[in-house]
Every structure is written in structure tokens, then in C-alpha cells.
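2 protein chains.
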Amino acid sequence: MTQARETVSFRPGEVILYPGTPGPRDRVYRVLEGLVRLEAVDEEGNALTLRLVRPGGFFGEEALFGQERGYFAEAVTEVVLEALPRELAPEELRALAQHLAQALSEAYRRIERLATQRLKNRMAAALLELAETPLAREEEGKLVLHATHDELAAAVGSVRETVTKVIGELVREGYIRSGYGKILLKNLEGLKALAQSRG
Amino acid sequence: MTQARETVSFRPGEVILYPGTPGPRDRVYRVLEGLVRLEAVDEEGNALTLRLVRPGGFFGEEALFGQERGYFAEAVTEVVLEALPRELAPEELRALAQHLAQALSEAYRRIERLATQRLKNRMAAALLELAETPLAREEEGKLVLHATHDELAAAVGSVRETVTKVIGELVREGYIRSGYGKILLKNLEGLKALAQSRG
Numbered sequence: 000m001t002q003a004r005e006t007v008s009f010r011p012g013e014v015i016l017y018p019g020t021p022g023p024r025d026r027v028y029r030v031l032e033g034l035v036r037l038e039a040v041d042e043e044g045n046a047l048t049l050r051l052v053r054p055g056g057f058f059g060e061e062a063l064f065g066q067e068r069g070y071f072a073e074a075v076t077e078v079v080l081e082a083l084p085r086e087l088a089p090e091e092l093r094a095l096a097q098h099l100a101q102a103l104s105e106a107y108r109r110i111e112r113l114a115t116q117r118l119k120n121r122m123a124a125a126l127l128e129l130a131e132t133p134l135a136r137e138e139e140g141k142l143v144l145h146a147t148h149d150e151l152a153a154a155v156g157s158v159r160e161t162v163t164k165v166i167g168e169l170v171r172e173g174y175i176r177s178g179y180g181k182i183l184l185k186n187l188e189g190l191k192a193l194a195q196s197r198g
Numbered sequence: 000m001t002q003a004r005e006t007v008s009f010r011p012g013e014v015i016l017y018p019g020t021p022g023p024r025d026r027v028y029r030v031l032e033g034l035v036r037l038e039a040v041d042e043e044g045n046a047l048t049l050r051l052v053r054p055g056g057f058f059g060e061e062a063l064f065g066q067e068r069g070y071f072a073e074a075v076t077e078v079v080l081e082a083l084p085r086e087l088a089p090e091e092l093r094a095l096a097q098h099l100a101q102a103l104s105e106a107y108r109r110i111e112r113l114a115t116q117r118l119k120n121r122m123a124a125a126l127l128e129l130a131e132t133p134l135a136r137e138e139e140g141k142l143v144l145h146a147t148h149d150e151l152a153a154a155v156g157s158v159r160e161t162v163t164k165v166i167g168e169l170v171r172e173g174y175i176r177s178g179y180g181k182i183l184l185k186n187l188e189g190l191k192a193l194a195q196s197r198g
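Top line first, the protein sequences correspond to chains Y and C. Under numbering that gives the first Met the number 0, the residue at position 60 of the first sequence is numbered 59, and the numbers go up by one with no gaps. Under numbering that gives the first Met the number 0, the residue at position 179 of the second sequence is numbered 178, and the numbers go up by one with no gaps.
Rather than coming from a laboratory, the hints here were simulated on the basis of the structure. Hints should not be assumed to be uniformly reliable.
Restraint ranges, calculated between C-beta atoms of paired labels, are given here [said to hold, decoys possible]:
| hint | chain 1 | residue 1 | chain 2 | residue 2 | range |
| --- | --- | --- | --- | --- | --- |
| 1 | C | Val158 | Y | Val40 | 24 to 34 Å |
| 2 | C | Glu137 | Y | Arg136 | 57 to 67 Å |
| 3 | C | Ala88 | Y | Arg53 | 24 to 34 Å |
| 4 | C | Glu43 | Y | Val40 | 31 to 41 Å |
| 5 | C | Val7 | Y | Tyr179 | 57 to 67 Å |
Rough simulated footprint, nothing fancy, chain Y against chain C, three-plus residues with beta-carbon under 8 Å [stated by the list, open to error]:
| hint | stretch |
| --- | --- |
| 6 | 39-48 |
| 7 | 64-75 |
| 8 | 94-108 |
| 9 | 113-121 |
Ideal placement from N, C-alpha and C gives every residue a C-beta, glycine not left out.
So that you can see chain Y by itself, here it is in the shape it has in the complex (with noise of 0.2 Å):
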């Protein structure tokens, strides 16, 4: 038996879901292609991501539990979504909880990161992590990251003008190279290495 499948698509940068209450015609997604980054973004409109959701995983769970919604959802690159039914199967149910299961525990890395880790390490972390997305793309036999500085500061919960000194010491070190939009990620074992440290 074959179900028609409920799918929407989405252009890079457009809304997809904004905070608040759920309604009751708002479903939980599936991504089927492309990147979706959930993000708070605070009065002074700093962004901070919380979850960049990849093909396989979900958003809009909130909507299933009547709880407030906290983040933007937005495109970061075309997006095609599954709308799921308002009543789940067993199996979507049980792929729903394994992706907030492990969304959880990042969640709980980043926590922490934040309480334990300087930010250059912090940003080690987070170039590596988006280096596993469809921002990162091998140019010439280099993985090649396409972030900017505001976005960066969004990864690690900081501002555009503190990154933009980071950077520039992940670059003076020799771990990136760092252009216009664009970071070369030069030494993956060195970012690895200082991801895990302290600092």
C-alpha cells in the first residue's frame, strides 16, 4: 500500500516556522532534502542556532505536545519537507524520539561547551560540525566552509565583532584560511584536537 506523501518545499533563507503557540493546523516535519537551522534570536536580534536538522531528521515537534515554540525554522539551502500527520505511526514515532534523543544529546555538548570551554575551542567545534552540513563543500581537494562571520557567531552564542578576532587567530595559527563568506578548513586533526580541549 502506497500513501501519497505531504510534502512542502522551501527557497534558502525563507521562514519556515516562527516562535510561539502552535496551532492546531501546524504539523510536525521531516526533512527529506536539503539543511533547516532552528534558531532563538534575541531582542537586540543576535541569532543563535540551535539545531541544524539534516535529511532523516524532524522539527515542529512542539506542535505534536502543545508546547510553546521557541526558535525560527529556516531554510538554509532548498529545502523539501514531509509534513506528517497529526497522528504518528509507531515507526514515525519511534524515529521522531531517536532524533530528539540525539538532538538531545548535543544539546547537552553544547551546554558543556558553553560552561567549560574558551570560545576559540568552541569555535573549532562548530566549524566541524557545520563541515558535516551542505555548507561545506571539497574545492580543489580542500573542504571549503560557506559561513559568514554572523553566522558563525550564531553557532558558538556569540557576536560578529568577538568571532572576527577569533578567526583571525584560528588563521594566524594555521588551522583555517579565511576569505570573503568562505572558510578553507587547512587542518582538520588541530581543529579536532582543540575541539576537545578546554583552552
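Guided by the hints, dock chain C onto chain Y, whose structure is given.
Chain C in isolation, oriented as in the chain Y frame:
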């Protein structure tokens, strides 16, 4: 139809789960009575509270999905747990997913606080969170929290020395009164305002 539930009990301070790879006999637990604390401990022995699990809540979800466990689970009070079967019924899966979604949204709030708030404001938020657990008791019409400065440090992601300084500030400013292993919450409204501002 009545099914026998498999329950286990722990005394205050007992470790229920250790960090590491879940084994084939590991289970997901539902708290029936008491309070469980999940915490990460770094090489220097500093603890960081990741989640407080109250009756109705779950932990040990990594056993279900073969994920690495990054935390210790410890009984804070006398605790009675239900060890869930390896195959969860749909209503248990749904309750687990709901608990994880709630825990994730709390973890994101923690990340926002850590990225943007001063320690004093985070401490106000932590005191209010602990006030919702069995660690808080009404004593002669006042809300008294039974927690050491080490436990408060673990709750906010700091160390005891710094916490002692911040607690001193909150005492001087009339928000709390502090005794041996006890904090009396004098000004709940003031603490709420502090917890919501950036500092």
C-alpha cells in the same frame, strides 16, 4: 488486563547509570517517585547538571537507540523507577517523545542563558527551577531550598568559589537568605525578573 511492572529503588546519592556505551541489558527508565539528576563530570571532577527528572519523566533513552551515554544518573532523593521493556508500546513511545521534546526545549533555554546571561541571572533561573523539585520545602510559610554551593555550581555550569560570590550578592540585595546547605527564597518575584533579564 494487569501487567506486572518491573520496578527498582535507589537511595539518595546512589548512582543509577554511568557514562559509556549502553549494554544489551540496559533499559529506559521512567521515574515513578523521587528526583533523578543527570550530570556530566569533567576530568577535574566538576559536575554539570544536564537534566532533573521528576515523576512521569524518563531517562536512559540512549539504551533504546544505541547512542553513547554522556552522563551519570544519580538519585537525589529516595527514588522508585520503572524499567521499561525493550520494545515500547506506542503510548510509551509517545510519552517518551513528549518528555524528550520538553527536555530539549529546556536544554535550548539553558544554551540561550549560557550564551547571553550573566551568572547572577542564570543563578536566579536555577534557584527557581530547583524550587519546583523535592529539594524545596515550605518551612514556616517560606520556600527553603536544600542545596549546597557545589550543587548550585553544577546547576549553572560554574564552580563553587564563583557561586559563593554570586550567592553573597543575591543575599545582600535581599533576594534570598543563605544558611548551611539551605537557601531561603525571600523575593520570588524579584528572582523571576532577574531570571528573565540579561544582567
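Comparing the hints with the structure gives:
1. About 31 Å separates the C-beta atoms of C:Val158 and Y:Val40, a value consistent with the hinted range of 24 to 34 Å.
2. Hint check: C:Glu137 to Y:Arg136, Cβ distance near 60 Å, so the stated range 57 to 67 Å holds.
3. For C:Ala88 paired with Y:Arg53, a C-beta distance near 29 Å keeps the hint of 24 to 34 Å intact.
4. Distance hint check for C:Glu43 and Y:Val40: the Cβ-Cβ separation is about 35 Å, which falls inside the suggested range of 31 to 41 Å.
5. As the Cβ distance of C:Val7 to Y:Tyr179 is approximately 58 Å, the hint placing it in 57 to 67 Å holds.
6. Counting residues of the stretch 39-48 of chain C whose CB lies closer than 8 Å to any CB of chain Y gives 4, so the stated coverage by that chain holds, three being the minimum.
7. For the stretch 64-75 of chain C, the stated coverage by chain Y holds: 5 residues have a C-beta nearer than 8 Å to a C-beta of that chain, and at least 3 were required.
8. Counting residues of the stretch 94-108 of chain C whose CB falls under 8 Å from any CB of chain Y gives 12; the rule of at least 3 is met.
9. Under the rule that three or more residues need a Cβ within less than 8 Å of chain Y, the assignment of the stretch 113-121 of chain C holds, with 3 such residues.
When the structure is compared with the earlier hints, no violation turns up for any of them.
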